[in-house]
Amino acid sequence: MASVTFDNATRLYPGSTRPAVDALNLEVADGEFLVLVGPSGCGKSTSLRMLAGLEEVNSGAILIGDRNVTDVPPKDRDIAMVFQNYALYPHMTVAENMGFALKIAGVNKDDRAQRVLEAARLLDLEPYLNRKPKALSGGQRQRVAMGRAIVRQPQVFLMDEPLSNLDAKLRVQTRTQIASLQRRLGVTTVYVTHDQTEALTMGDRIAVLKDGVLQQVGSPRDLYENPKNVFVAGFIGSPAMNLFPADVTAEGVHFGTAIVPLERSVLAGVDGSQVTVGVRPEDVVVSPNRGEGLQVEVDLVEELGADGYLYGHSEVEGRRTDIVARVDGRIHPNMGDIVYLTPQPGHLHVFDVQSGERRSSAVALA
Amino acid sequence: MAISGSLNITAAMVDPALLDLPWDLPLEDWPEDSIAALPKGISRHLVRFVNLSGYVIAIKETSEDLARREYEMLRTLQRMDVPCVDPVAVISNRTDENGQPLEAVLVTRHLKFSLPYRALFSQALRPDTATRLVDALALLLVRLHIIGFFWGDVSLSNTLFRRDAGSFAAYLVDAETGKLYPGGGLSNGQRENDLEIARVNIAGELMDLEAGGRVEEGVDPLEVSERIVAQYRTLWKELTGWEVFPGGERWRISQRVDRLNDLGFDIDELAIKTDETGTQVRIQPKVVDAGHHSRRLLRLTGIDAQENQARRLLNDLDSYRATFGREGQDEEAIAHEWVAQVFEPVVRAIPRDLKGKLEPAEVFHQLLEHRWFMSQKQSRDVPLAEAVAAYIDDILRHRRDEATMITPPTGLITLPMGADEDDDWRSKV
Numbered sequence: 001m002a003s004v005t006f007d008n009a010t011r012l013y014p015g016s017t018r019p020a021v022d023a024l025n026l027e028v029a030d031g032e033f034l035v036l037v038g039p040s041g042c043g044k045s046t047s048l049r050m051l052a053g054l055e056e057v058n059s060g061a062i063l064i065g066d067r068n069v070t071d072v073p074p075k076d077r078d079i080a081m082v083f084q085n086y087a088l089y090p091h092m093t094v095a096e097n098m099g100f101a102l103k104i105a106g107v108n109k110d111d112r113a114q115r116v117l118e119a120a121r122l123l124d125l126e127p128y129l130n131r132k133p134k135a136l137s138g139g140q141r142q143r144v145a146m147g148r149a150i151v152r153q154p155q156v157f158l159m160d161e162p163l164s165n166l167d168a169k170l171r172v173q174t175r176t177q178i179a180s181l182q183r184r185l186g187v188t189t190v191y192v193t194h195d196q197t198e199a200l201t202m203g204d205r206i207a208v209l210k211d212g213v214l215q216q217v218g219s220p221r222d223l224y225e226n227p228k229n230v231f232v233a234g235f236i237g238s239p240a241m242n243l244f245p246a247d248v249t250a251e252g253v254h255f256g257t258a259i260v261p262l263e264r265s266v267l268a269g270v271d272g273s274q275v276t277v278g279v280r281p282e283d284v285v286v287s288p289n290r291g292e293g294l295q296v297e298v299d300l301v302e303e304l305g306a307d308g309y310l311y312g313h314s315e316v317e318g319r320r321t322d323i324v325a326r327v328d329g330r331i332h333p334n335m336g337d338i339v340y341l342t343p344q345p346g347h348l349h350v351f352d353v354q355s356g357e358r359r360s361s362a363v364a365l366a
Numbered sequence: 001m002a003i004s005g006s007l008n009i010t011a012a013m014v015d016p017a018l019l020d021l022p023w024d025l026p027l028e029d030w031p032e033d034s035i036a037a038l039p040k041g042i043s044r045h046l047v048r049f050v051n052l053s054g055y056v057i058a059i060k061e062t063s064e065d066l067a068r069r070e071y072e073m074l075r076t077l078q079r080m081d082v083p084c085v086d087p088v089a090v091i092s093n094r095t096d097e098n099g100q101p102l103e104a105v106l107v108t109r110h111l112k113f114s115l116p117y118r119a120l121f122s123q124a125l126r127p128d129t130a131t132r133l134v135d136a137l138a139l140l141l142v143r144l145h146i147i148g149f150f151w152g153d154v155s156l157s158n159t160l161f162r163r164d165a166g167s168f169a170a171y172l173v174d175a176e177t178g179k180l181y182p183g184g185g186l187s188n189g190q191r192e193n194d195l196e197i198a199r200v201n202i203a204g205e206l207m208d209l210e211a212g213g214r215v216e217e218g219v220d221p222l223e224v225s226e227r228i229v230a231q232y233r234t235l236w237k238e239l240t241g242w243e244v245f246p247g248g249e250r251w252r253i254s255q256r257v258d259r260l261n262d263l264g265f266d267i268d269e270l271a272i273k274t275d276e277t278g279t280q281v282r283i284q285p286k287v288v289d290a291g292h293h294s295r296r297l298l299r300l301t302g303i304d305a306q307e308n309q310a311r312r313l314l315n316d317l318d319s320y321r322a323t324f325g326r327e328g329q330d331e332e333a334i335a336h337e338w339v340a341q342v343f344e345p346v347v348r349a350i351p352r353d354l355k356g357k358l359e360p361a362e363v364f365h366q367l368l369e370h371r372w373f374m375s376q377k378q379s380r381d382v383p384l385a386e387a388v389a390a391y392i393d394d395i396l397r398h399r400r401d402e403a404t405m406i407t408p409p410t411g412l413i414t415l416p417m418g419a420d421e422d423d424d425w426r427s428k429v
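Chains D and C, in that order, are what the protein sequence lines are. Taking the UniProt record's numbering, I'd label the letters of the first sequence as residues 1 to 366. Taking the UniProt record's numbering, I'd label the letters of the second sequence as residues 1 to 429.
Just so you know, the hints here were simulated from the structure itself, not pulled from any lab data. Just so you know, nobody snuck in bad clues.
Among the chain C residues that face chain D by a calculated CB cut under 8 Å, a handful are:
| # | residue |
| --- | --- |
| 1 | Ser157 |
| 2 | Ser187 |
| 3 | Glu192 |
| 4 | Asn193 |
| 5 | Glu196 |
| 6 | Ala203 |
| 7 | Gly204 |
| 8 | Met207 |
| 9 | Asp208 |
| 10 | Gly212 |
| 11 | Leu222 |
| 12 | Arg426 |
Quick reminder that beta carbons are idealized off the backbone N, C-alpha and C, glycines included.
From just these sequences and the hints, can you work out the full model?
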């Protein structure tokens with residue numbers, strides 16, 4: 001097992017002026033589950049393929065453990081792309097299906113049997129080792145495919161959107177299985193997804209990319225509570241954080257008609273008279289004092305049992321801005337109502353309106 | 001007939017017969033009367049074959065995103081003249097009778113006379129067949145890499161094979177994992193990765209055949225799987241490698257062109273560099289195009305054939321010209337005569353009920369072989385008409401139909417499976 005290091009790793013496609021991955025610096029600790037997440041075209045898959053040896057690294061380096069693998073061919077990097085091709089062979093037993101790649105690699109028979117057995121135990125497949133794939137359920141077949149990667153005992157597992165072609169139910173199931181298996185095996189894993197829910201539920205840490213540039217890396221909680229910039233704030237979390245421009249005064253910042261007091265340090269150095277404020281749907285409260293806060297017309301309330309989501313819109317500087325707020329699932333305003341919303345004390349995020357960077361290291365005081 | 005009102009079909013041209021299929025049923029539950037045959041191939045997704053008006057289509061159930069992606073990819077590859085299956089349509093928004101959503105499907109058209117590798121032997125895979133399959137796949141992979149296509153799942157199962165005058169021509173069937181990198185081409189790492197995937201998959205597929213008792217002695221799965229690497233590297237070097245020679249040996253340029261022609265490629269662009277003193281010349285093919293012989297045959301005769309078939313037909317055309325050609329007669333005129341006097345009479349001689357056995361060009365190739373054997377045996381020049389009659393009765397009539405063959409007749413031949421569960425699994429790992 002080993003750590004993984006991206007050291008200023010850059011990938012510039014021929015004929016392109018902007019790098020697909022721009023000076024990526026990232027360290028994945030030994031045994032860690034790191035998720036690369038971002039919208040399509042952000043460079044997450046390219047980064048993974050650079051680690052796998054499938055993309056040239058134009059500058060910078062990639063290390064697995066202490067070994068610089070920047071110019072090492074894929075098959076000599078001691079990595080496994082899980083789920084890359086997971087055909088099961090109908091005439092071979094589960095044991096053969098899991099172990100045949102070891103035979104190709106010249107591993108001796110006793111070692112092969114030992115590794116297959118270990119993997120089968122981890123995957124709860126021991127009773128089926130002598131069966132043919134036909135006799136297995138869909139989930140078991142998928143575990144056999146995982147077994148193919150595990151028996152190779154690679155230093156690093158790489159997974160590129162492995163759940164994208166599963167139906168919703170199997171996706172949730174497999175998600176849990178992959179995460180728990182990774183924890184049991186303790187193999188360093190780099191996992192690519194565009195789905196921030198997948199990232200939040202699976203990763204020890206998450207690296208968010210946009211336009212080839214690493215935006216932030218941290219634990220799911222870090223990213224959720226302290227997004228470094230407007231992009232991360234809007235990308236992580238579902239429903240997404242409410243973000244809109246707000247005027248700054250000497251005491252704080254305008255939230256509709258209300259003024260949310262801010263620490264002096266947050267306001268110091270604000271460029272101009274505006275900031276971007278952000279508040280998560282669960283941190284918005286319907287103000288008991290009518291007329292105080294951000295005026296919102298309710299478009300729809302989605303009831304989800306105990307909780308509900310209020311979808312509404314407000315006029316901010318003459319522009320329609322959509323707002324989402326979590327409300328009580330039973331007692332809540334209704335479609336067409338006008339309500340006034342304020343942020344929970346201590347849960348307003350403030351970003352520079354120009355650069356999008358966070359204005360404070362901690363959440364602003366209210 | 002049940003057409004869901006909201007069925008969404010993306011296709012270049014829709015065959016109305018497509019609409020009559022039972023799209024409100026999961027593919028698994030389609031009635032046997034609409035299914036052509038159930039393939040025994042190894043596939044991640046359910047694939048079934050259906051007889052449509054006069055041809056066979058393959059239907060694959062998958063997510064809408066994947067279906068669309070693969071449809072577009074296959075269309076792009078076709079535009080780039082890559083041998084691959086014909087994408088017909090993507091059908092989404094399917095629902096069953098209770099309104100429950102069903103998976104989208106990708107519809108491709110079955111290639112006439114193309115066969116899955118498992119259908120290329122009746123009892124067990126012979127060593128020379130294994131070799132020819134791998135050689136055909138290596139050539140396809142080189143062609144794909146040259147245009148910047150990373151396959152990601154190279155295997156015999158993801159390929160269809162057409163007979164090609166003693167060899168095979170390989171067609172890409174599954175582009176689901178593929179990605180096109182136009183312009184810049186593939187990195188060495190990507191090419192190496194595809195090769196490694198090919199090696200492991202081919203070994204696995206042959207080991208699977210072995211486990212089913214369907215490989216002849218003398219076929220070593222590991223050896224065969226390593227052959228693809230060697231073949232690929234040889235071809236890649238010939239097609240893309242720099243060659244350095246002294247300035248005086250200019251003939252080596254045309255020699256390189258000839259070698260590539262022999263391999264079936266035309267050079268559209270060749271980079272030639274000389275050093276400052278002019279003593280050393282370096283050449284590298286920049287743009288190569290497969291199909292050297294088939295293009296020439298098509299141009300001369302209008303016959304559309306595989307590369308080796310074309311080579312064979314052109315050889316026959318050349319010997320015809322040597323025998324019957326008149327001075328000053330141009331190549332097109334003599335080719336026209338050859339088609340009328342030689343090729344077409346042979347094709348017309350094939351009885352209607354035997355037309356589905358083999359492609360005409362393949363029949364012609366086999367006929368030439370047969371005529372040669374007959375002549376050897378009888379120590380005389382057997383006339384074409386006599387050879388045709390003998391070939392049809394002695395050979396062609398006894399072959400199976402391969403025009404729309406999609407499933408290998410494995411059912412009865414495969415060894416019984418599942419009966420050995422008391423064995424120690426360790427004996428087989």
